[in-house]
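S.K.: Each chain, letter by letter, is given below.
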Amino acid sequence: MHGRPLRLSSFSSSTYPVSSSSSSRYVCWQCRHRASLRPSALFSPTDSSSPFQRRTYATEPSLPDKFQAYFNKTIGKRLFKDGKIPGAAEDNTDRPQSEPAIPPNDEGTATAPLDDDPYYTPATSGEELESLGGLSGWWEKAWDEEHQYQGWMRPTPMQDDKAIETAIERALVEWYTVEKGSIEFRKSVGAAHRLWANDRSWKMPAVGNFKLSQRKNGKVQLDWERSEDRMEMQRWLQEPFQKDTEAPVLEDNRLVEADSETAKANTSTTAMGIEPPEVAGEEAAEVTEGDSAVPDEVLLEEDGEIEEKQPRIQSNISLHNHNLKFTVIKRVMQLTGILIPDTAILSINSSHALLQHLIQKPKPKKLAQLLIEGHEPTQMNKGIPLLAHLPNVQILPTKHIPSMTESALGRQKVIEQQLDEHGIPVPFREEIEQITAHEEQRLRKQIDAMTEDDGVDGRDMWSQEPLEDLRGQSEGLQR
Amino acid sequence: MTLKALQAASTSRNGVGAFILQCKRLDFHYCDWAGSSQGMNLFLQHNLARFAASHPSIEIHVSPRPHRHPVIRGHFINGTQHSICVRNLEKGQVLQKAEILRDMSGEKARKVKGGRAVGSLNEGTRGVWSPFHGAKPPSFQG
Chain L
1 MHGRPLRLSS FSSSTYPVSS SSSSRYVCWQ CRHRASLRPS ALFSPTDSSS
51 PFQRRTYATE PSLPDKFQAY FNKTIGKRLF KDGKIPGAAE DNTDRPQSEP
101 AIPPNDEGTA TAPLDDDPYY TPATSGEELE SLGGLSGWWE KAWDEEHQYQ
151 GWMRPTPMQD DKAIETAIER ALVEWYTVEK GSIEFRKSVG AAHRLWANDR
201 SWKMPAVGNF KLSQRKNGKV QLDWERSEDR MEMQRWLQEP FQKDTEAPVL
251 EDNRLVEADS ETAKANTSTT AMGIEPPEVA GEEAAEVTEG DSAVPDEVLL
301 EEDGEIEEKQ PRIQSNISLH NHNLKFTVIK RVMQLTGILI PDTAILSINS
351 SHALLQHLIQ KPKPKKLAQL LIEGHEPTQM NKGIPLLAHL PNVQILPTKH
401 IPSMTESALG RQKVIEQQLD EHGIPVPFRE EIEQITAHEE QRLRKQIDAM
451 TEDDGVDGRD MWSQEPLEDL RGQSEGLQR
Chain S
1 MTLKALQAAS TSRNGVGAFI LQCKRLDFHY CDWAGSSQGM NLFLQHNLAR
51 FAASHPSIEI HVSPRPHRHP VIRGHFINGT QHSICVRNLE KGQVLQKAEI
101 LRDMSGEKAR KVKGGRAVGS LNEGTRGVWS PFHGAKPPSF QG
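Chains as they are written, first to last, in our numbering: chain L, 1 to 479; chain S, 1 to 142.
Bound conformation, chain L alone (with noise of 0.2 Å):
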């Protein structure tokens, strides 16, 4: 073992690659006799990388593996009998090396050749080439007119404060009117929750005027000015569910009250995914699909303008029933298109805490928007004009370039029209003409805010100018 070392030179190079670039690397004979008993020990003699770096099958797929010409011939034939050794196929050894595999042609993609086409001309410039890939249109692709997505829940978040206010409205009348009919309706409406599930449009008719309210004992009161407008909500809620055949079942015109104790009684069953044991083993009707099952589609939000009434929940509903909270959240979730995070829902309890989370404005995330926009005057701040309603203040909403000195001094319209003349492109057009666009505005605002008041003998107490001369200019600027 600790012998003389042999030479690498007595050993053949049949078994060993020798390397004659270097005759300093010694190897020892134990790893000499251990590569020479590999049965896939292949190697080139050419290859002077390294003698220690062999060719296989698995990194050379042209080579012959001869691994398995040697399981094949011997391991191979005692365990399948059959004949049916896995692998055999790939058995190459009869391949000469030197061929290496090439894949067979794919003829179904074969085209004629580009010089036999008389209507090919190599195009000159990429302009007229037409794209391929990529994912531009495929929205258009996907959905043709006939069949446009729906998704469920609005597809735009809403904006305006009192539609808001509506949807929620909306959500409870609807929970209250299921939760106030008697059995037989409950029973052809099934829980209220499968009402908006999922086939339920976001778009729903407009609702009659009602009163909903809640005694201090807990006591909900749903009061409807008409009953035909109660009778038209029963109607609407039941259609999902009515088969062809069947009358809708609607209450008459009693005042129905329900207590908060018999409604968590009726509703503890009612939870989602539980049905009440009314209604186990009923086969709802299908839900029609689309819009077009309900008749006389009113957006809730019909260009903006909502009419202002009364508000119809007269008092603060609770929420902390769980089925009613959900129910009523998930509801006006798909009314408003806004998304309610559930660290949200734990704190929202009544009908005003979600109201006010609705409508509560985001917080900027910029100081200038928050600048601009203004924000409630702290402590030391009280009595003075907010920041951007100063005369004497600027906010500019992006950073300071040199063009905005430049039009600042009038000599910006000069260099732009030189620019043009010229054709060069003006850098920074469009913030220059954002900025002196915002300036305008909040100049307007300023004249309009400073000559809404009477001043002092008919002259601003700021510029002792006549208000009159302030008032042409604020009429000059929107020209």
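Please note that a few of the clues may not be correct.
Stated by the list, open to error - Pairs of lysine-lysine, DSS-like flavour, derived with a Cα cap of 30 Å:
| hint | chain 1 | residue 1 | chain 2 | residue 2 |
| --- | --- | --- | --- | --- |
| 1 | L | Lys-325 | L | Lys-219 |
| 2 | S | Lys-24 | L | Lys-366 |
| 3 | S | Lys-108 | L | Lys-399 |
| 4 | S | Lys-97 | L | Lys-382 |
Since the hints were made in silico from the structure, they are not lab data.
As the structure is a computational prediction, the values presented were derived from the model and not from experiment.
For this one, chain L is given, so just place chain S on it according to the hints.
M.R.: Only chain S this time, still in chain L's reference frame:
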């Protein structure tokens, strides 16, 4: 020959009759992202409104300067500018720097000649020294 009085042009003394604030414009640059601008941002939200309302003759410009330290730049009537970096300062300290710029004259800082802090254009009341006037030095005569 008639005597004519020397026509002396009146020299302006700012503050003798009317006082004109030398600072005509203040630019406040802040950053929404940098932490060194936190005090400046709070100053803009809470203190600047009162400062601007109390100085209607000073033009106030507020603009972001992303990824830079907050700076207050003052422009003066004589055409000079002076900047003060207010990085990592509290809103009260930023207000102090704004007041410093407001009180500045815009003149470049110069070395006071003669090492005297107070200078005057008027002649000395006791006259300029000459060797011919004044007490004679003592003579050593034995």
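S.K.: Against this structure, judge whether each hint is valid.
M.R.: Taking the hints in turn, this is what the structure says about them:
1. Lys-325/L to Lys-219/L: Status holds; Cα separation ~16 Å.
2. Lys-24/S to Lys-366/L: Answer holds: Lys-24/S to Lys-366/L is near 27 Å, not above 30 Å.
3. Lys-108/S to Lys-399/L: holds, 28 Å
4. Lys-97/S to Lys-382/L: holds, 24 Å
Comparing the model with each earlier hint shows no violations; every hint is respected.
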